[in-house]
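On the provided structure of chain C, position chains E and R as indicated by the hints.
Listed in order, the protein sequences are those of chains C, E and R. For the first sequence, the working numbering assigns the number 1 to the initial residue and increments by one for each residue that follows. For the second sequence, the working numbering assigns the number 1001 to the initial residue and increments by one for each residue that follows. For the third sequence, the working numbering assigns the number 2001 to the initial residue and increments by one for each residue that follows.
In case anyone wonders, no lab produced these hints; they're calculated from the structure. The model shown is predicted, which means the values in this text are computed figures rather than measured ones. Fair warning: there could be bad hints in the mix.
Below, in silico cross-link-like pairs of lysine to aspartate or glutamate (DMTMM-like), each with a Cα-Cα straight-line distance of 20 angstroms or less [as the list claims (entries may be wrong)]:
1) K219/C <-> E2182/R
2) K1224/E <-> E1352/E
3) K1194/E <-> D1178/E
4) K1272/E <-> E216/C
5) K340/C <-> D2252/R
6) K274/C <-> E1021/E
7) K1162/E <-> E1105/E
8) K231/C <-> D2121/R
9) K2170/R <-> E216/C
10) K274/C <-> E1163/E
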Amino acid sequence: MATANKEQYKGVFIFAQQVDGELSGIALELVGKGKELAADLDTQVTAVLIGSGIRGLADELGEYGADRVIVVDDPELKDYRTEPYAHALASVINEYKPDVMLVGATAIGRDLGPCVAARVHTGLTADCTSLAIGDFPLNPIPGQEDKQLHKQLLMTRPAFGGNTIATIACPDFRPQMATVRPGVMQKGERVPGRKAEVIDYNPGFTPDNRYTEILEIVKNTKKVADIMDAKILVSGGRGLGSAENFAILDDLAAAIGGTVSCSRAVVDAGWKPKDLQVGQTGKTVRPQVYFAIGISGAIQHLAGMEESDMIIAINKDESAPIFTVADYGVVGDLFKIVPKLTEKIKEVKAAAAQN
Amino acid sequence: MDFTLDKKHLMARQLFKDFAEKEVKPLAQEIDETERFPRETVEKMAKAGFMGISIPKEYGGQGCDPLTYVMCIEELAKQCGTTAVIVSAHSSLCADPILTFGTEEQKQKYLPDLAAGRKLGAFGLTEPGAGTDAQGVQTKAVKDEDGNWVINGSKIFITNGKEADVYVIFAQTGTKLDKKGRTQKTFTAFILEKGMPGFTFGTKENKMGIRASATYELVFNDVKVSDAQRLGAEGKGFPIAMHTLDGGRIGIAAQALGLAEGALDRTVAYVKERKQFGRALAQFQNTQFQLADMATKCQAAQYLVYAAANAKATKDRYSVEAAMAKLCAAEVAMEVTTKAVQLHGGYGYMKEYDVERMMRDAKITEIYEGTSEVQRMVISGAMLK
Amino acid sequence: MKIVVCVKQVPDTKGGVVFNPDGTLNRAAMLAIMNPDDKAGLEAALELKDKYGAEVTVLTMGLPKADEVLREAMAMGADHGVLVTDRVLGGADTWATSQTIAGAIRNLDYDLIITGRQAIDGDTAQVGPEVAEHLHLPMVTYVQKIVDYDEAAKTITVERQFDDRYMVVKANLPCVLTALGELAEPRYMTPGGIFDAYDKEVTVWGRKDLKDVLDSDLGKVGSPTQIAKASDKVRKGAGEVKKDLSPAEAVDYIVEKLQAKHII
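Extracted from the complex, chain C is given alone in its bound form:
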């Protein structure tokens, strides 16, 4: 049954995720995107802040552009658990009736989002990488021009492991809900002293059988990197010249959040262990980004990495076969380029963190 009185639903709401009393990056990214959408809809952006003892974070949300912050602060909400958080957010939705509800596609948001969407009976589009306001259908059906809806949230997301892209709308139900991939949307500019209207709201929490019990929290569970799981691989070849020289790849990997891998020649030379080898006799990888540095690109290596989403090659030899599969190739001296690249990436990341 479609949502009755759709026009009652107004405003862009974002779930302001916090962990341990600190706002997650995605919260500010959603405020930023929410503001853009709100402008297109002639409305405001409201952050929903849920937790225990977290009211102070409302100021930060205001400085980043939230017009209004609804705070649900309750001891039951200390650490993330599905039920009390879903109850909090669903209650806010039922009370304040937003037109758009955005949640981060994080390990929390992808739990909370579907639970809440199901509870308030609306659609949810997962892991969006682009959001816009537009018409649905995109083009009016001839003869039914009046049935085309305007000012709809159009949610774009990859699927099939990134091989397809779909744009999705939620025309008949409210709120229009999406989870949004972290790191894709831009934060707004921080304006110190800018204030949001802060509203305290508590729907009441009564533990029932659906409340889980947290027995222990174990932080920083970093595992040994498996190159097959890595999203970014920084791969080195014979061109590195020695095991010691891999340090410059370690630095680049650390700066960009990637994992170091290598070609067969490197394993044969004893510079790196076999489990880091990419290629026919090593592992087949499909990261989002594959840096091939000092790798000529023997056929057996290409077979192990050519399905990567983006391949960036750096090699002295412009006739190296690696350039036949690279999306972006640079002919040059890796020892001059890579350290500079590492520095530049650090700068860009630091600048982004400040904004």
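For chains E and R alone, coordinates are given in the frame of chain C:
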């Protein structure tokens, strides 16, 4: 005749294929180079039921048909000839004769452990003076005054030797006159277990191919066993050995088939990637024609191997079908792997590439469990009877 | 203990994606497999069965061909298979899919429901939680380990993964768990298991067999979300190679490409 596989067999093939690609392929090169017996793979195969595919469920096996077993060997051999022969020797040459000729006590005692892969099986017939000609067997078993058998002699080239726990072996136990009045040795089959006093292992062979399969000499020095270890009737060892080898040959045929198909798969991938004179090798007509011949021969071999498996499932005797399958598949394996190396050019000669190993592995399929010449004798013998 | 495991048959995107000449995905040419997270969940259920004794029912919604994943699950050791298939259920989004699955599960006895965290075709991770919601059950998503099952207290304790930590969480049964791929390394089918699986009956349910579900919550008509536009990403063409860049220019060039894709 129906040449299509039903859903059960298609899914079983997918299982064997997935297993072989995930568990067998990564080890193939290393164990070939180091001659290391892949114990961990045997354990994984045991867990997945591969060591008892055609043993009935009542003895703890999987209760599947010979075709399923053959597809298992075939898919394993596509990745590693050694792993395939370990399963084949265990299943066809040890579990199968116990199932076919054993007493109920023997079946209860040995089959559940063999089926579950808790114990590994082997088969001992060949001796220094007895390969193709079984009459050359020197190993003797003599009954002592307590009614126990005392076995003396040795066996060579024994697959799964030393690694196996259960051995079906053959020893001379008497003589008889044949139709032409000549004296012929008669043999009896016995089930021996590793660790029996007097049962030891000699040298390990250093082989051209299937290098990780343990190939050992078995040495019997006054090995004393009770009559309960006798497999089949006294003096009936020769027919038991021949019947067992019929089944074994289907396993080896499947191994050969898998080697050929594996080499063909790799070649198809290679010629698409490798460029010479500005074109992929696949664009040259010579390559195309070679591939067509290789594929056609693989397909023909597969039909013969599957037909032999079907014969084993439906007939008491299938010597000719088994011999034809092995003869054809082994020769196809040798031919296809050799062509695969040729199409790989210099790379094909390097150990880095699987086809180098597959060509070496293929050669033994023309030799063991009856050479190609023996298969021709079996086939023509049946024709000219 | 009675466990229901929800599985989905998906095209295998990991083993290489097959494209048509025009650059679109060739779905028909891709192998159909049991979704990996679901398979990890099934393995976890089978391990509970090995340890405590359990009756494991696998349930899938899909085309009649999805029967294959149920046979596979049974060949691994599941006891029963249920296929929910009906034309009117097609075109469902996660809301309608979860309504369908909930409607089927209402016919079954269960102490525990396990789903995969997400399917590799849709990548939504929404169906499991939405099933829990429709059935009013407690749920724990992103489960990386099952720590304990307390039969007397009717609770299950699991490790729930987050980005930078994990929590040890105790939930009341019956509940819904969604499994990460690392929850358990799936066992292989056995050949005999395959033969048995094809000798068994799979229960096939259609729309009429779903319990307490409205038509308006099912299939394409019951789906709140609608596709405005779908396009298969066109396969990338030949890349570009920059020759005469200074190191600084090369760095700017690479950084620009990384930023364009939101990598940094």
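How the hints compare with the structure:
{"no.": "1", "hint": "K219/C <-> E2182/R", "verdict": "18 angstroms, holds"}
{"no.": "2", "hint": "K1224/E <-> E1352/E", "verdict": "48 angstroms, violated"}
{"no.": "3", "hint": "K1194/E <-> D1178/E", "verdict": "35 angstroms, violated"}
{"no.": "4", "hint": "K1272/E <-> E216/C", "verdict": "54 angstroms, violated"}
{"no.": "5", "hint": "K340/C <-> D2252/R", "verdict": "10 angstroms, holds"}
{"no.": "6", "hint": "K274/C <-> E1021/E", "verdict": "18 angstroms, holds"}
{"no.": "7", "hint": "K1162/E <-> E1105/E", "verdict": "25 angstroms, violated"}
{"no.": "8", "hint": "K231/C <-> D2121/R", "verdict": "18 angstroms, holds"}
{"no.": "9", "hint": "K2170/R <-> E216/C", "verdict": "10 angstroms, holds"}
{"no.": "10", "hint": "K274/C <-> E1163/E", "verdict": "28 angstroms, violated"}
Of the numbered hints listed earlier, those contradicted by the structure are 2, 3, 4, 7 and 10.
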